[in-house]
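Asks: In case you want the letters, here they are:
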Amino acid sequence: MRAFLTLTRRELTMHFVSLTGYVVIAGVQLLLGQSFWTLLDALNNKPFDMPVTEKFFDTGFFWLVLLLVTPAITMRTYAQERATGTFETLMTTPIGETQVVLAKFCGALAFFMIAWLPAAAYPFLLRHYAEGMAPVDAGPVAATLLGIALLGSFYMALGCFASSLTRSQIVAAMTTFAIGLGLFLLGYLSQIRPPEPGWQAQLLVHISMLEHMRDFSRGIVDTRHIFFYLSLTAFFLFLTHRVLESRRWK
Amino acid sequence: MSAESMIEVENLTKRYAGRTAIGGLSFTVGRGEIVGFLGPNGAGKSTTMRILAGFLAATSGTARVAGFDVLTQSEEVRRRIGYMPENNPLYDDMRVREYLKFRARLKGLSGAHCRNRVDTVIDQFGLAEVSHKLIAYLSKGFRQRVGIADALVHEPELIILDEPTIGLDPHQIRVVRQLIKDLGRRHTVLISSHILPEVEVTCSRVLILHEGRILAADTPDDLQQRMSGRAQVIAEIAAPAAELRHCWETMAEVEEFDVSAAEGDFQRCALTPRAGLDLRPRIYDLVKERGWRLRELTRSRHTLEDIFMHVTSREREEEN
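Chains L and P, in that order, give the protein sequences. Position 208 of the first sequence, counted from 1, bears residue number 208 in my numbering, the numbering being contiguous throughout. Position 198 of the second sequence, counted from 1, bears residue number 198 in my numbering, the numbering being contiguous throughout.
Just chain L, same shape as in the assembly (with noise of 0.2 Å):
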């Protein structure tokens, strides 16, 4: 347990001893910014008829943010360690595979949620210069962020899991990036064209992210979806403890 907290805390000051850390949090407060500036906008406009968490999600930038940084933070997890031989010093301590594959995923998720923590802001400052006008409650923020961890730690899981597969972080980054656009158009693709009712419909929405988070930003904490992103998150995992452990199989 110790090295594990060890090697999290090592994952995680990794990104706040190099520049790329502090590009990735200006990078996702850009966008955040953005995103809050366009809801700013249309509060300011006509009135809307949705939670403004809601709102905030509509505009997209959270996809971008989602898009963008994960590549950005998990790039460097396996591929760099593998790359300068570091994998080897790793793997030869009395540490095991499992405790390998979590902390570097703990220390991942860490930096993405510490991303997001200027976003924590904006609803106190929401509250504070509006007076009461526009209410911000309690439940859809909290159920808000619960998502923005739900898929954050699926992007992790999966951008750890690219990583472990190369050498080459550029590799490792293009192949997260190529699959989470992916599995994000999946469900953009049922809103800009909805399929012809069915099964394939029907299995659309169950998958599309963008229907996930919109529950999400509701306030609607669904069990399926934190089941949906659990499971996926633990299946990431496991692939990627099965390419740790590859090395002895072949």
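These aren't lab readings, by the way, just hints derived from the structure by calculation. Note that the Cβ used here is the ideal one computed from N, Cα and C, for glycine as well. Please note that a few of the clues may not be correct.
[What the hints assert, rightly or not] Here are a few chain P residues that face chain L, going by a calculated C-beta distance under 7 Å:
#: 1; residue: Gly54
#: 2; residue: Ala57
#: 3; residue: Arg79
#: 4; residue: Asn87
#: 5; residue: Asp93
#: 6; residue: Ser110
[What the hints assert, rightly or not] Computed spacing ranges between beta-carbons, pair by pair:
#: 7; chain 1: L; residue 1: Leu181; chain 2: P; residue 2: Ser204; range: 53 to 61 Å
#: 8; chain 1: P; residue 1: Glu253; chain 2: L; residue 2: Arg248; range: 51 to 59 Å
#: 9; chain 1: L; residue 1: Leu117; chain 2: P; residue 2: Ser26; range: 56 to 64 Å
#: 10; chain 1: P; residue 1: Asp69; chain 2: L; residue 2: Gly182; range: 38 to 46 Å
#: 11; chain 1: L; residue 1: Arg248; chain 2: P; residue 2: Gly30; range: 26 to 34 Å
Dock chain P against chain L, hints included.
Replies: Chain P only, in chain L's frame:
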């Protein structure tokens, strides 16, 4: 299994897709020994070390470290090993003390014990002056010391160092060799090298590896001895060349000889003895008897280099 052996390797084989890296390796290393793996690049040294360190698994055969199987009891083995891979990879973005502390914690040390050990190795390897520097900015010599310090920060029973002196300058090589020698007092050490004098000066036993097999295993001295049967004797004697030639022709112990003129009126004679004889006393007696002057009398020591060339070339002949 005897309690004295630190490493027991039996019939270890590792095949990569279509290529055999090591084929049926068997050897044991006793506690407190400093053993050197010697072999050209691609002989299977690193592969063997990686298997012992639990990084790779063998295709067949078994390896035990301190009585634990490296495959089924990998964690127990890794607890007892300090391993420095080839090229000594380190995290460039960490500072020396931070790195050593991080590694010590990964290896299960904690609290005051962890701090003590980190302080100890920093002292032991003269890292105090760089302990707050980023590893990226260290010289190669310091990097190497950090790597070795990391390998023994958790006081492992067995230290495995893959090519510990590669890329160092002669002064640094000497420092690292001394470090390794000092380690041998308290730990079992396995090092690999393709540089022969290195193994010769640091190790108590040498395993010569070639194409995944052990060709010879002995102490450097015994290997010398085995070879010295063919050791040449060089003598520089002031005497007429023809007379010298005649002497060597008639001396039964001399198998081959070569006489050439040296500076002054000396003749340089290179003599190869018949089967394991030492010619030196015979030559001295001869010179004294004839009243010649003698200014050099040496038996050429076979360096490991010769032994290595000899063993590997014999191998090649058998193949052809």
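Asks: State for each hint whether it applies.
Replies: Verification of the supplied hints:
The restraint placing glycine 54 of chain P at the interface with chain L holds, with a minimum CB-CB distance near 6 Å, inside the 7 Å limit. The beta carbon of alanine 57 of chain P is positioned within 7 Å of a beta carbon in chain L (closest approach about 4 Å), and the interface hint is therefore held. Using the Cβ-Cβ criterion of 7 Å, the hint placing arginine 79 of chain P at the interface with chain L is satisfied: the shortest such distance is roughly 5 Å. For asparagine 87 of chain P, the interface hint holds, since its Cβ comes within 7 Å of a Cβ in chain L; the closest pair sits about 6 Å apart.
The beta carbon of aspartate 93 of chain P is positioned within 7 Å of a beta carbon in chain L (closest approach about 5 Å), and the interface hint is therefore held. Satisfaction of the interface hint for serine 110 of chain P is found here, the shortest Cβ-Cβ separation to chain L being roughly 6 Å, below the 7 Å cut-off. Checked against the given bound of 53 to 61 Å, the beta carbons of leucine 181 of chain L and serine 204 of chain P, roughly 60 Å apart, stay inside it. At about 58 Å, the CB distance of glutamate 253 of chain P to arginine 248 of chain L agrees with the hint of 51 to 59 Å.
Our hint of 56 to 64 Å for leucine 117 of chain L and serine 26 of chain P holds, since their Cβ atoms are close to 58 Å apart. The hinted window of 38 to 46 Å between aspartate 69 of chain P and glycine 182 of chain L holds, with their beta carbons roughly 44 Å apart. Range check, arginine 248 of chain L to glycine 30 of chain P: about 28 Å between beta-carbon atoms, so the 26 to 34 Å window is met.
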